[in-house]
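As given, the protein sequences belong to chains A and B, one line each in that order.
Position in the first sequence counted from 1, then plus 1029, gives you the working numbering.
Position in the second sequence counted from 1, then plus 32, gives you the working numbering.
Be aware that one or more of the hints could be misleading.
Stated by the list, open to error - Below, a list of computed lysine-lysine pairs in the BS3-like style, where the Cα atoms sit at most 25 Å apart:
id, chain 1, residue 1, chain 2, residue 2
1, B, K222, A, K1233
2, A, K1097, B, K222
3, A, K1177, B, K148
4, A, K1177, B, K53
5, A, K1244, B, K53
No wet-lab data here; the hints were simulated from the structure.
The model shown is predicted, which means the values in this text are computed figures rather than measured ones.
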Amino acid sequence: MSISAIAQDVGSFSGALQTNVNYFIKDADIGAINIPQYDEGLVGVDTWLNLNYSFKGYNAGVRLDYFKNSNLLIPTAAYSDQGLGKAFINKRFDKVFVELGYVYGQIGSGIIFRSYEERPLLIDNALVGAKASYDISENWTATGFAGKQKNQFSLNEGLVKGGSIEGFYATGSEDAPLSFSPGIGLVNRTHSQQTVDRLVNIVKQYIGDERIGLKYNTYLTTIFNSLNYQDLTFYVEYAYKSAEAFRDPTVLRTELTGQQTIGKFVNESGSVFYTSLNFGDEKLGVTVELKRTENFNFKTDPTLTGVMGLASYLPPMSRENTYRLTSRYTPTTQDLSERAIQSEIRYRHNKKLSGLVNYARITDLNDLLLYKEYFLQIQYKQKRKWLLTTGIQSVNYNQEVFEVKPNAPLVKTITPFADFLYRFTNKRSVRTELQYLHSKEDLGSWAFGLVEVGLAPHWLFELSGMYNIDPSKGGDKLFYPTLGAVFNYKTHRLGLRYVKQVEGIVCAGGICRLEPAFSGAKFTLNSAF
Amino acid sequence: MRIKYSYIIITVLILSACTEKEIIIPPFEPIISDRVVLVEEVTGVRCPNCPSGSAKITSLIEQFPDQVIAVGIHGSFLTAPYSDSRFDFRHEAARELENFLKPWEGKPAAFVNRKKFPNEALLSISEFDLLSTYVAQELNEPHTLEITMSTDYNDLTRELEVNLGIIPLADLSGDFRLSMMLAENHILDKQANVGELIDAYEHNHVLRAMLTAFNGDSYASNFNTGELSNVSFSYTIPSEDGIWIPDNMEVIAFIADHSNDSKEILQAAIIPVVEN
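Working from the sequences, and respecting the hints, build out all of it.
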């Protein structure tokens, strides 16, 4: 993003525009039907326009959002609305920083509180209120915030208040420096009367012992520290949530008719323990992460569904894969019951050859396997002429849990892949990808190929195809082509793609959802000024 | 020192959470109202969460006797029968109605009088535990219209005649549409459930046919208090083949106001095909 100063004495103005236009073309063969955009031939538009202005230490900005027949909020529905998406003003006064409006931020790794924006899933859970911080000393800062959570163009009812104290302490010798970055945080959410009334109405229907207690307030607290010693970083965080009412989809409930159904509100406290250990030098890098989560579903209003109302962020515990087939089965972070380990070893043999090995295993607290991944990647670079990245991935994915598909077997995949980049000149390059996903479950085995031609600095052309080479359920062998071009000019980027995309999981930061198949054209514009 | 004080303040705040008194949950009290609320559920035999949704709606009928009518719409999504299913609940009117009620987030989804409630992003409701709250809200709204019904079913010809009387209880203007549905209970067939596939699940309130257009027939633009209007419908029930059993069937009628981009239902009524 670039900032263009108009003149120093009148401040500086900057902005950014992002527009997505989706043209939906019905294709019953791949399941791209039965949502309004296909049935009614609609065009979907998502637009965000940011405008920022800085003057004499004051920073202010607005964001205007426009959605027309958008499939971002709910992938099976057409969402239309527009309005003010964000507005803020902030200024630092010596040791004090004050911000009013739509405020973002997090405490620690975000477990007890995180407000952020994730456009692919249309998450924007800023607090509309105020944030202030005070530098207690050179190395210690106290921060406080309060507000109501944004929900598109309205506000969720619960009032969220919180604060943290974070610091830095260095010791050790010059040759062996040792530092600590400790912190503590506290968040309180007070339900509105309307939310309490809704919860009371729900609990009123529960019979006998199934009834639960309700309170207006919930408290979350966390304590964390990052220790740095030479090439070693050790982070540890423990978060606790006081008892509150939330929906547990696994608990049995007795209806008034005597029938038992799955899913009811429970009143439980929760906790998360998260730690990561990183070691890295020129040759070797090692990362180990552990996480245990129990009943840590924290929303500003527990009666909201999906990603609406999310106020905390649980770090994902699997590798963020980027290739089409290696990312086909990605686990959703489990907020009620999860035990996870992830480790990665990276080794750089010399300037040409490097590799990495990754292992992730996620179970629930009863040791039911949810996800397991082995990932091996080797990279060979021949000067600046060509680069080969190749490897293999093995995944076990509990589709029954992640996608709520009854009797779905554990999906087991083996996916070899290769990515070859060849530079003809500094401006001309071609990149190819070949991937093959072998599986006897879900939709069976897939092959994927891509050719990408780069004509720097302006053009990038892409032709790719995903082919259901061995459908496990005896369906048709379907081909999902993509053809596209991207044009870059200074700080502007335009893309046009014709896409057929299989139904699948779309994830951002461990939050995933099942999205229907897509068929049509996608135009994107990203512009900074 | 200041950091130490902060720890103390935070600890005190946490401990203060323990002192908050629990909210008293009052016992359930019936609502006295002559309104009858329609709860439509978009559902499907391949929808694993739908049995739980249907059970909650059955519970709702128990909770508000004679004040809630339920209907299950098996349109397109997750509705294809299994290879060894006995029946196919899909039909054109159900497909059209399912589309008409879009958007919904997924299945099951329910609609209470096709009303958009302030806390909901959509007309559809995904959190079924909230249905009771919304039904109660609707029952507390003014009762502006009454619908009476009678049926005459001929066992030999399988011809069904339905007679309606509509009595406005207030002066109303809008775009009023009348919908008539035929629903069937006690159908045993396959159904997906969380973690299993049920062989003989009892499907109730299954929408089998519409006697009007899927989105209702235009009926009136004005209603005057006390001015009775009547309408009759005839329908020949298809031959029995394990389903279409008149003793298990019921007729549902309702008036909705389609003015101002609304679909809101004013009043619903239900009657068995074969009156005892």
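Please write out, lowest number first, the hints stated earlier that are contradicted by the structure.
1 and 2
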